[in-house]
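Take the sequences, apply the hints, and build the full model.
With positions in the sequence shown counted from 1, the corresponding number in the numbering used here is that position plus 14.
Derived from the structure by calculation, the hints contain no laboratory data.
Treat the numbers as computed from the prediction; the structure is a model and nothing was measured.
Any given hint could be a false lead.
[Unchecked claim] Distance windows between CB atoms, simulated:
#1 ALA181 to ALA109: 21 to 27 Å
#2 GLY144 to SER92: 15 to 21 Å
#3 PRO118 to ARG162: 28 to 34 Å
#4 PRO157 to ALA93: 29 to 35 Å
#5 PRO205 to ASP139: 37 to 43 Å
#6 ALA105 to ALA190: 26 to 32 Å
#7 GLY144 to SER206: 38 to 44 Å
#8 ALA119 to ALA51: 32 to 38 Å
#9 GLU230 to ASP143: 33 to 39 Å
Every residue, glycine too, gets a C-beta built ideally from N, C-alpha and C.
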Amino acid sequence: MSVPLTPALASIATLRKIVAPAAEFRVLPFGVAALDALLGAGGLRAGALHEATARSTSLADDAATTLFLAGIAAREASATGGLVLWASCRADLYAPALEQAGLPAASVIYAQPRDDAALLAVVEDAVRDGTPCAIVAEAARVPMVATRRFQLAAAEAEIPVLLLRRARRRDQEPVAEPSAAWTRWRIGAVPSERLSVAGVGRPRWSVECVRQRGGEGFSLIMEGSDETGRLAVPAVIGRGAAETVGTVRSAAA
15 MSVPLTPALA
25 SIATLRKIVA
35 PAAEFRVLPF
45 GVAALDALLG
55 AGGLRAGALH
65 EATARSTSLA
75 DDAATTLFLA
85 GIAAREASAT
95 GGLVLWASCR
105 ADLYAPALEQ
115 AGLPAASVIY
125 AQPRDDAALL
135 AVVEDAVRDG
145 TPCAIVAEAA
155 RVPMVATRRF
165 QLAAAEAEIP
175 VLLLRRARRR
185 DQEPVAEPSA
195 AWTRWRIGAV
205 PSERLSVAGV
215 GRPRWSVECV
225 RQRGGEGFSL
235 IMEGSDETGR
245 LAVPAVIGRG
255 AAETVGTVRS
265 AAA
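Next comes the structure, spelled out in structure tokens:
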């Protein structure tokens with residue numbers, strides 16, 4: 015005999031799905047063994063909120079953070095064949111750069127709300143609607159309650175929500191603010207490899223996982239996203255483990 019799914023039972027079922035063991039939820043791996051091995055689930059939980067912030071207010075660090083999230087969204091779009099919603103109150107997104115990170119314009123729906131409050135509403139509506147395969151949102155003011163709602167909605171819809179948290183002032187540390195995100199990242203640009211001939215090498219980033227559920231924080235030097243949205247271990251250290259620039263032992267919740 016079937017039991018009617020009351021609102022209370024539906025809420026319990028949703029919570030069980032959110033806290034399910036790693037084997038019971040879909041994982042989006044980076045495809046780099048040295049990086050995936052440091053993540054508790056062997057990659058990012060697909061149905062979850064993941065946050066990233068730039069290491070500093072420099073344009074280079076901001077671009078690296080943007081492309082880091084673009085690469086994650088690109089891999090999800092490639093795997094599912096879906097569209098990515100990119101929501102930002104700014105009009106400075108450079109589409110050719112996103113395409114170089116594996117996210118062509120034809121795969122992106124752009125939304126430009128008037129302010130952060132409207133942006134958060136757009137993101138939550140899009141998650142619950144289920145049309146995008148992934149959502150990237152850029153915001154400076156994100157209350158703790160909003161991150162909880164995003165995490166719950168993302169887990170229920172099995173959609174990754176990728177939040178680029180921008181600093182409101184130079185001395186602000188966005189990852190010090192409370193959040194319910196599954197993982198939190200700090201990304202910065204570092205010098206690329208010197209080439210034997212004149213030219214520009216593949217960009218390198220400092221990729222720091224400040225916090226993850228079910229695991230410790232860590233920091234690696236990685237090569238930036240390629241045209242498929244994938245990171246890589248720098249060639250000069252590719253024969254061994256990725257270069258570690260420090261292990262984070264504690265982080266803000």
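To see whether the hints hold, each was checked on the structure:
1. ALA181 to ALA109: 21 to 27 Å: holds, 24 Å
2. GLY144 to SER92: 15 to 21 Å: This hint holds: roughly 19 Å between Cβ atoms.
3. PRO118 to ARG162: 28 to 34 Å: Given about 33 Å between the Cβ atoms, the range holds.
4. PRO157 to ALA93: 29 to 35 Å: The hint (29 to 35 Å, Cβ to Cβ) holds, given that PRO157 and ALA93 are roughly 31 Å apart.
5. PRO205 to ASP139: 37 to 43 Å: Holds: the Cβ-Cβ distance is about 42 Å, inside 37 to 43 Å.
6. ALA105 to ALA190: 26 to 32 Å: Given a distance of about 28 Å, which is inside 26 to 32 Å, the answer is holds.
7. GLY144 to SER206: 38 to 44 Å: holds, 39 Å
8. ALA119 to ALA51: 32 to 38 Å: For ALA51 against ALA119, whose Cβ atoms are near 34 Å apart, the range 32 to 38 Å holds.
9. GLU230 to ASP143: 33 to 39 Å: Check passed, 35 Å falls within 33 to 39 Å.
Checked against the numbered hints given earlier, the structure satisfies every one of them.
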